[in-house]
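Which chain is which? The protein sequence lines are X and W, in order. In terms of the UniProt record's numbering, the first sequence opens at residue 1 and continues consecutively. In terms of the UniProt record's numbering, the second sequence opens at residue 1 and continues consecutively.
Keep in mind the hints are simulated off the structure, nothing from the lab. Be careful, since some hints might not be right.
[Unchecked claim] Label pairs and their in silico Cβ distance ranges:
| hint | chain 1 | residue 1 | chain 2 | residue 2 | range |
| --- | --- | --- | --- | --- | --- |
| 1 | W | T122 | X | N244 | 48 to 58 Å |
| 2 | W | T122 | X | G116 | 41 to 51 Å |
| 3 | X | D321 | W | A103 | 51 to 61 Å |
[Stated by the list, open to error] Chain X is nowhere near these chain W residues, computed Cβ spacing over 10 Å in every case:
| hint | residue |
| --- | --- |
| 4 | I21 |
| 5 | V116 |
| 6 | H143 |
[Stated by the list, open to error] Below, a sample of chain W positions facing chain X; criterion: calculated Cβ distance under 7 Å:
| hint | residue |
| --- | --- |
| 7 | S74 |
| 8 | W168 |
| 9 | L213 |
All values derive from a computational prediction rather than experimental measurement. Backbone N, C-alpha and C fix where the C-beta goes; we use that ideal spot for every residue, glycine too.
Below, each chain spelled out in residue letters.
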Amino acid sequence: MQFGVFTVGDVTTDPTNGRTPSEHERIKAMVAIALKAEEVGLDVFATGEHHNPPFVPSSPTTMLGHIAARTENLVLSTSTTLITTNDPVKIAEDYAMLQHLADGRVDLMMGRGNTGPVYPWFGQDIRQGIALAVEHYALLHRLWREDVVDWQGSFRTPLQGFTATPRPLDGTPPFVWHGSIRSPEIAEQAAYYGDGFFHNNIFWPQEHTRRMVELYRERYAHYGHGTPEQAIVGLGGQVFMRHNSQDAVREFRPYFDNAPVYGHGPSLEEFTEQTPLTVGSPQQVIERTLGFREAVGDYQRQLFLMDHAGLPLKTVLEQLDILGEEVVPVLRKEFERLRPAGVPATAPPHPALTRKEASA
Amino acid sequence: MTTATGPTAATPSSTAVPSRITRITVVSAGLSSPSSTRLLADRLAEAVAAATAVDIEVVELRELAVDIGKHLVSGFPSPALRTALDAVTGADGLIAVTPVFAASYSGLFKSFFDLVEPDALTGMPVLVAATGGTARHSLVLEHALRPLFAHLRAVVVPTAVYAASEDWGGAGRPGDGGLAERIPRAGDELAALAAGRPVAARRTGKENGEKDLAAELVPFEQHLARLGG
């Protein structure tokens, strides 16, 4: 089981003091959060990709390359990489390059993106979202596995005798997750390729997450990659912790009430009851997270959203201390104890990482 | 939401398929209690029940007003709103009644139907009705309600019913085209369409986030086969 953080990279005013960080501050804060994640023993840092304010991470491999140079063990990932509006050729090249620089500590998560104008800004049409995800990923999959590719499709210029460089590290492409909240087509896509399926699991009732994961597991087995239990599942989560749960609720409420995505809607109490958001003590977070396993089965990656809605960096770093010191060690032990033999503990690691572990 | 069985439920008329009870869901957007919108809704439901064997469920949007606002903001329904949405999409026929606000359906009425999944009302027989202070707004049925349900690909019955305050005092003489005449006619029209609707056309009523993912799955080979090139 891998544990980590994923960030949207929003620049949001702190509702408690009206202060808005600059883009520069926010970008540096994201790096500080990644470094902290490694320091407290988390496994994964994943960044979103956005091309509109108030979000800063438009260039994920630039950021992840920088973090790669300043960390030793952290797996660098995305949440998500826009498979619809990016050129799959450029994704193939950028992430292969990152893989080399990070010595294999790279995977990525494909997503479609739901901001309408981004599609035409990048020459695409949001109504073709699923078709773009299917065609672009089919090409990307080949570019990483075939040295010379001849290809023709609907959405980009044809390729004749094309070789994406550099080739993936040791000939093994980065592991790919496919993220989707409510499109069964994407669960089906992940199952078809034997890739991982990640459910963001933040804004929707848990029953919905459970049904999407169940579909993915069934189809993963259908396509002959293993049993349903062996399918590679990742979940999101969202927590805010203090040792006294009442303190957590008091401190987080103004951020919740004004959060860009769900603020000014349901109350904090309703939202924590109806969705996986947990605001309380470390013990409550442990219990809730173990509950995810009961809903979707043994899974391989848990990412937490820790740094949104205008929370100051100092608070986020404190949250990561609690997560790394008090929550994740217990969860690691429990998930490992409960995991049946034959169910993988993580997504397949890159051979370079396995070698590193063997020589350590 | 309340459930009631129509007065003639035990004696199905000739228009009904004998083996089943027609499910009618009534959506009433009246804000006061008692409300003339609900009064009209109940009269229409009784008219449908007089024509065929029905189970009637009533969704009072007033009780769901806050939940509707929260769903618009958060993207998912509360359990109570989910039940109401399922009752609408899972019905054989719909009676939709709104007060006229600012020359159209009320915002609450529109917000509720904004939350119904696209395609979930395709082919659904719908009886539209509205209430207002004067008869001057009666065409709201034709320029606002009928186009809304046409957009949702529902089948709106020919007779739409408008009740102005003065209509509640109408004498109801034969041939005057008043409420006493329009309500049974509209009820008959909805009963015929809803009762005659094939069982196969029935939705599960789970279109709002609970649909059967596996049943609607398109195998990935078909996605790949559709690609150009």
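Going through the hints against the structure:
{"no.": "1", "hint": "W:T122 - X:N244: 48 to 58 Å", "verdict": "holds, 52 Å"}
{"no.": "2", "hint": "W:T122 - X:G116: 41 to 51 Å", "verdict": "violated, 24 Å"}
{"no.": "3", "hint": "X:D321 - W:A103: 51 to 61 Å", "verdict": "holds, 58 Å"}
{"no.": "4", "hint": "I21", "verdict": "holds, 29 Å"}
{"no.": "5", "hint": "V116", "verdict": "holds, 16 Å"}
{"no.": "6", "hint": "H143", "verdict": "holds, 29 Å"}
{"no.": "7", "hint": "S74", "verdict": "holds, 4 Å"}
{"no.": "8", "hint": "W168", "verdict": "violated, 39 Å"}
{"no.": "9", "hint": "L213", "verdict": "holds, 5 Å"}
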